[in-house]
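Peer 1: We have chain A already, so just place chain B on it with the hints.
Top line first, the protein sequences correspond to chains A and B.
Heads up: the first sequence begins at 1 in the working numbering, then just goes up one per residue.
Heads up: the second sequence begins at 1 in the working numbering, then just goes up one per residue.
Derived by calculation from the structure, the hints in this document are not laboratory data.
C-beta: ideal position from N, C-alpha, C; glycine also.
No false leads were slipped in.
Stretch-level coverage of chain A by chain B, calculated; a stretch enters the list once three of its residues show a Cβ under 8 angstroms from a Cβ in chain B:
| no. | segment |
| --- | --- |
| 1 | 130-138 |
| 2 | 193-206 |
| 3 | 232-238 |
| 4 | 269-280 |
If you only want the chain A side, here are some residues facing chain B, beta carbon under 10 angstroms, derived:
| no. | residue |
| --- | --- |
| 5 | I75 |
| 6 | G77 |
| 7 | H102 |
| 8 | S265 |
| 9 | V285 |
| 10 | R286 |
Protein chains: 2
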Amino acid sequence: MRVAILAHGKFPDDAKTAVGILQYGEHDVAAVLDRDRPGERVCDFLPDVQDAPIAGTIDDVEGPLDALIVGIAPIGGGFDETWRPDVVGALERGCDVIAGLHYFLADDEEFRALADEHGCELRDVRRPPPDLTVAAGTAREVDAEVVLTVGTDCSTGKMTATMELVEAARDRGWDAGFVPTGQTGAMIAGGGIVVDRTISDFTAGAVERMVTERGDRDYLFVEGQGAITHPAYSAVTCGILHGAMPDALVLCHEAGRDAIHGYESFPIPHPSTHVALYEDLAAPVRGTEVVAGALNTRHVDDEAAAREAVADFGDAIDAPATDPVRFDVGEVLDAL
Amino acid sequence: MRVAILAHGKFPDDAKTAVGILQYGEHDVAAVLDRDRPGERVCDFLPDVQDAPIAGTIDDVEGPLDALIVGIAPIGGGFDETWRPDVVGALERGCDVIAGLHYFLADDEEFRALADEHGCELRDVRRPPPDLTVAAGTAREVDAEVVLTVGTDCSTGKMTATMELVEAARDRGWDAGFVPTGQTGAMIAGGGIVVDRTISDFTAGAVERMVTERGDRDYLFVEGQGAITHPAYSAVTCGILHGAMPDALVLCHEAGRDAIHGYESFPIPHPSTHVALYEDLAAPVRGTEVVAGALNTRHVDDEAAAREAVADFGDAIDAPATDPVRFDVGEVLDAL
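Bound conformation, chain A alone (with noise of 0.2 angstroms):
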């Protein structure tokens, strides 16, 4: 599938789900989209990733396309109006567009004209199945040992550790699965439900589900979302420990942050204080424990001390602890 992805303004640092799928993905990238950046390259930011040319809008991105992507979420989740010309571009040339916002493309009455008149599909892949319903508690019973990222924020790895622990795992030959739970990781999955924008009485419900389905594997990573201490996306953290019944935790962290990002008047508690509040809120429904960390130090540029600050993160949690990106993730599945 070639494909555009949507990041104005926001390449690479915000752009979560854009750098995910230049990632993770299987996708064929022609371009990213940034305005801020036209005429760059995204190996000029990221050297490890598929490569592609940045241009400044859909209009600017030569030869045949499949999709636009819509790789930014602002906090929110609500559709910035400067993309609009973007997003009706894309129709216009026949191109799907998918995006994981809380604002459903295919409820905007111009897009969904446009896609009738061209023979598109507008896929809203937040959109929750309609048939979801409470958690019967049965997440338990699967097979499969359940690994479940956990963090000390959003943004903090989940999604990339529960990615390189997927793959790393299927290098050792593991018979590994992947549940996604958020927008970007449904992308590069292909599927699945994104628990943020599911009804709060059916959040546990939902992730319950999707483990139940991929309980057969041996292993099943359960990427996270959000923090247990987070003001604002604690309910969801809460729904995705309790719906998933994990095995093992494993904690996100970034190295250096100490207050919750776009709220800084709310400190980050201590690493130790997250293993404790994860662990004795789960232990009452399924007990576990953090197996190992995970520690972001795409902001230290040294790397001796990206490698003393993951052997602090690991003391401080008291379990090994790897930079999944910049290290390798084999002591992590060496402690499963």
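Peer 2: Frame of chain A; chain B shown alone:
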């Protein structure tokens, strides 16, 4: 408003909404509908609430009616097709129909057509406002002393404890407000957001909106939902805890209950475990503590045994405790 309340097969023990309206609502209840108990009366079961006859169907209810209220909510919140004749009968005689189900009556073609034909309204109190968004982390800034009821399970008496606290506080001359978060509370209050039906990303935001809108009272009593240890509903509980940012918690438990209702393979942890879990989970966002306990002793016949159970519960949580229905809430208010 003269109403009939549908509670087929569930009155009184499993008809939380029906009983809540009989007890705390300002509605004139013409009849309760329960096909298992036609000809009996509310006062045969509940001597201390508004009395009303029990009828088998809506057609057995005489006189003018303003509305039919669906007063039961099965697990999952679906519409039971055996209720259809009563809803149809109500609409055909010109009554509004008010429900708090996940299934929206207004989305049902037959009901919508009948409502249009007879000029009635279909009010789905669980339908969230369309403009909800993520929490901003601002509930801690309100002037009011915010008191949240939290539980060890669903249906432990959080709504009842909250209403008793509001009424007793007002009897003392305190300026006390009520924040409903469930369908019964919203029906009693004549408004509010039913938070278990919100998108889980917005659950904390919905509670924050209600708290900040009503935050200029001296005291604000927030109705809690579920339990932080519930395998299906903990996401909602967590969103309320972090969205409301309470100054004080009142822990609600039912005497003798030792497993999660409907999830009997999940034991309910000791009340002191709940105290620690709620306080530890709240702390990173907004420090708070369990200042009192509310024990539901409805299944304890003997008065002395109920007093002893309340005393034991107080010892278990190391705070003053009462049964807000059987005894009074003076000590709880004193603890605030």
